[in-house]
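S.K.: Residue numbers (my numbering), protein chains in the order written: chain L, 89 to 485; chain Z, 216 to 583.
In case anyone wonders, no lab produced these hints; they're calculated from the structure. Only a predicted model underlies this, so the values are computations on that prediction, with no experimental measurement involved. It cannot be assumed that every hint is accurate.
Across the chosen pairs, the derived CB separations fall in these ranges [to be verified]:
#, chain 1, residue 1, chain 2, residue 2, range
1, L, Asp311, Z, Arg237, 46 to 54 Å
2, Z, Gln259, L, Ser90, 28 to 36 Å
3, L, Asp108, Z, Thr256, 37 to 45 Å
4, L, Met339, Z, Glu235, 30 to 38 Å
5, L, Trp334, Z, Gln551, 20 to 28 Å
6, Z, Thr256, L, Gly164, 22 to 30 Å
7, L, Asp108, Z, Pro346, 14 to 22 Å
8, L, Arg319, Z, Gln551, 54 to 62 Å
9, L, Met339, Z, Gln439, 36 to 44 Å
10, Z, Thr256, L, Thr343, 14 to 22 Å
11, Z, Arg234, L, Arg319, 30 to 38 Å
Cβ atoms here follow ideal geometry from the backbone N, Cα and C, with glycine treated the same way.
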Amino acid sequence: MSRAVGVLGTFQSDFRTRDDSRTFVEQAQLAAVGALKDAGMTPDDVDAIVFSLAPTWFMGVADADRWAIDSIFGAGKPMMRVHTGGATGGSAVQAGFNLVRSGMYRSVLVVGAERIAETPDAQEVLNTIFDVFYERDMPLSTNTTVGLWATGYMHRHRVTQEDLAAVAVRARRNAMRNPHAHVKGDVSVADVMASPMISWPLKLFDICPRSSGSAAMVLGNMDMVKKHRSRPAFVTGAASRTTTYWIGDRMTSATDCDFIDFDLAGVVAAASYERAGISDPLRQIQVAEVYDAYTLMQPVQLERLGFCASGMALRLQHEGFWDCEGGAVAVCPSGGTLCTNPIAVSGLVRAIDAANQVMGTAGAMQVPHVKNAVSTAAGGIAQFYNCIVFSNEPRGT
Amino acid sequence: MQDVFVIGLALFPAANAVRELRLEEMAWRTVRAALDSSRVTRSQVDSLTIGACDELDGRPISSMLMSAPSGGYLTDEIKVTDSGASALAFAHARFLAEETDLGLVVSWCKSSKTDVEKVMRLRGDPFYTRPLDLGAIAADAMFAQAMQSEFGLTTGEVNERVAAAYLRASRNPRGMCHAAIPAREVGESSYDAVPVRTAQRAPLTDGACALVLASSGFLRRNPQCKALARLAGVAWNTDSYRIDSNRLHALSAARAAWSDALGRAGLRNANDFDVIELEAPTGWHEAAFVRAFGIERADTVSPSGGAFAQNPIFCNGLVNAAEAVLQVAGQAGPVQLLRVRRAAAHGCHGLAQQGHVVAVFETPGVAA
Chain L
89 MSRAVGVLGT FQSDFRTRDD SRTFVEQAQL AAVGALKDAG MTPDDVDAIV FSLAPTWFMG
149 VADADRWAID SIFGAGKPMM RVHTGGATGG SAVQAGFNLV RSGMYRSVLV VGAERIAETP
209 DAQEVLNTIF DVFYERDMPL STNTTVGLWA TGYMHRHRVT QEDLAAVAVR ARRNAMRNPH
269 AHVKGDVSVA DVMASPMISW PLKLFDICPR SSGSAAMVLG NMDMVKKHRS RPAFVTGAAS
329 RTTTYWIGDR MTSATDCDFI DFDLAGVVAA ASYERAGISD PLRQIQVAEV YDAYTLMQPV
389 QLERLGFCAS GMALRLQHEG FWDCEGGAVA VCPSGGTLCT NPIAVSGLVR AIDAANQVMG
449 TAGAMQVPHV KNAVSTAAGG IAQFYNCIVF SNEPRGT
Chain Z
216 MQDVFVIGLA LFPAANAVRE LRLEEMAWRT VRAALDSSRV TRSQVDSLTI GACDELDGRP
276 ISSMLMSAPS GGYLTDEIKV TDSGASALAF AHARFLAEET DLGLVVSWCK SSKTDVEKVM
336 RLRGDPFYTR PLDLGAIAAD AMFAQAMQSE FGLTTGEVNE RVAAAYLRAS RNPRGMCHAA
396 IPAREVGESS YDAVPVRTAQ RAPLTDGACA LVLASSGFLR RNPQCKALAR LAGVAWNTDS
456 YRIDSNRLHA LSAARAAWSD ALGRAGLRNA NDFDVIELEA PTGWHEAAFV RAFGIERADT
516 VSPSGGAFAQ NPIFCNGLVN AAEAVLQVAG QAGPVQLLRV RRAAAHGCHG LAQQGHVVAV
576 FETPGVAA
């Protein structure tokens, strides 16, 4: 019996800073209904649900997934919530994949919503993810830690702030073709450089927005794929890894997982690629939807995902290697996390954008002849990492 | 599809309040003991499934700091936030999917440093439930009221059940060894929320639990490891968010999780079990679940004493799983029942027990 797991349907809302027209549960319902409609399914066709929800501190309702259960047709079904910080959406897709592949369920709805703008200062919340005794007072946040990361990367690989700024320019340009993207536009390197300094060397345009919205993906076994999708995307590789919390321990010469070069991403990609039969990523993968909440995170992941050597991604960028048209790999045709970051579902949105490329449903963002697309998600200051390969055929199952 | 076995486990010594250790240290000691009991090393572990709640742990993304002490270093880790038992359920699925060969399931709760009622009230939606200030105590009382009318439960039966649970718990060396309380004394305690009295509720404790799961393939390759129990089936289900009469009376999620788990294990009814460890935060809950699950043999119910032995809220279901495994393995000590071949562990979570998980364990080699 085939154990292949395919994508039956996807949906993502339009993302914006606030969505006062809907409650959290209505946002989740919008996504659930949208994905089911895309798959041609009814709620009764869903056997189980995975809810994608990162810290609820942002919106102030603990375990808000339970509140949403009736709105997403979950009452009376097996449901669980997955939470791995920024990697949550990727972990949720992996959990859905596991549940279908286990043979326990024919189909699983992966759904979530984010209302991060309910809190006046997300960075203040994110300061509380750090150790209460040693780190909170420094004060660490995602902005300050990635600022330190970017400093180390720039020093090690002799790249500039302008090189990083070009990532934001390309992301916002790509996002102009994405009807769901939060920020988009034709900006220049000079515009990025002139944007307000947040945490050196990161300026406002180097950093993702705080986005509200929702997303959903329905996964199913081969029987469901045959019934609901004429041109499916199959999950052919899915893996996650976690490394040490302590960033300093990732910066010693004895470390297993160097922080600056984000070795963790390479470990996870290797595991995912092996399952998917990817031995030459540059030739076999046409689209990469990487979790790039900061400009820095795009080049460092492209290097670890095997698309180029260490320190080369930003140099190759200037030669158009990562462009959607004429590039070696189309990197974040959606604009990526730099343009839309609803934390609870950011990894899920990356997966949706990658799967849509394989299914040929990416609209104006569509890259031609996509056989394999990869999506990633990162959480907890690059401590958690997830990588999923979507393919146009089932493999190794 | 590969078989899944429990090859080791550990329970942190139950305590009212663990003051000398941080939560990370509690988790580390528990996982260390579980790995040692399994005769495996941490580096052999390829998956970690954490069951933890940020709000109870007191920090967002609590797994950042808790992951490494729980065995998460270059392992495939996913955290579920429903309950410890939910983590076990998901870990089981990962094994059936053949995505892991050796996995840790870890859960904890340091109830003593958490205002549990405040966390429960935060679960209320901001529009309808939050203004009611509904917490776990009131929600449990609503459940008890519904069960009173649904099954005709009497205060006398509930008091007797609590007294019996305390008596069993007093013999459990892994629990608090609370002194046994006579039923009369239970019935004379003050009301917390009608009809639930203070002594009918299990007191909260601090705790942590870790199980080591292995595939049949891993056991073949590692003959030094021995299976304590086979995980024959797991199922879970969730009820509506609305705590209305229909939901409370129907016990739909509890019944569905129970029947699905039995179905997966190839079993017919509660009589197929020698032990059934129930998560019952009050005597009312035990009386209700016994009826909902059709349990006829009183001697099979929670020989560990259940929540009255230790009650680290959130990870109780995983503690029940550990107690069930020990019974199947013949290692439950003073609370061991005779000839236990099959045991069920039940866990529940959410306001008025919105979600339920049931796991079935049996002696390795026992066929349904």
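S.K.: Hints broken by the structure, by number, lowest first?
M.R.: Those not satisfied are hints 3, 5, 6, 11.
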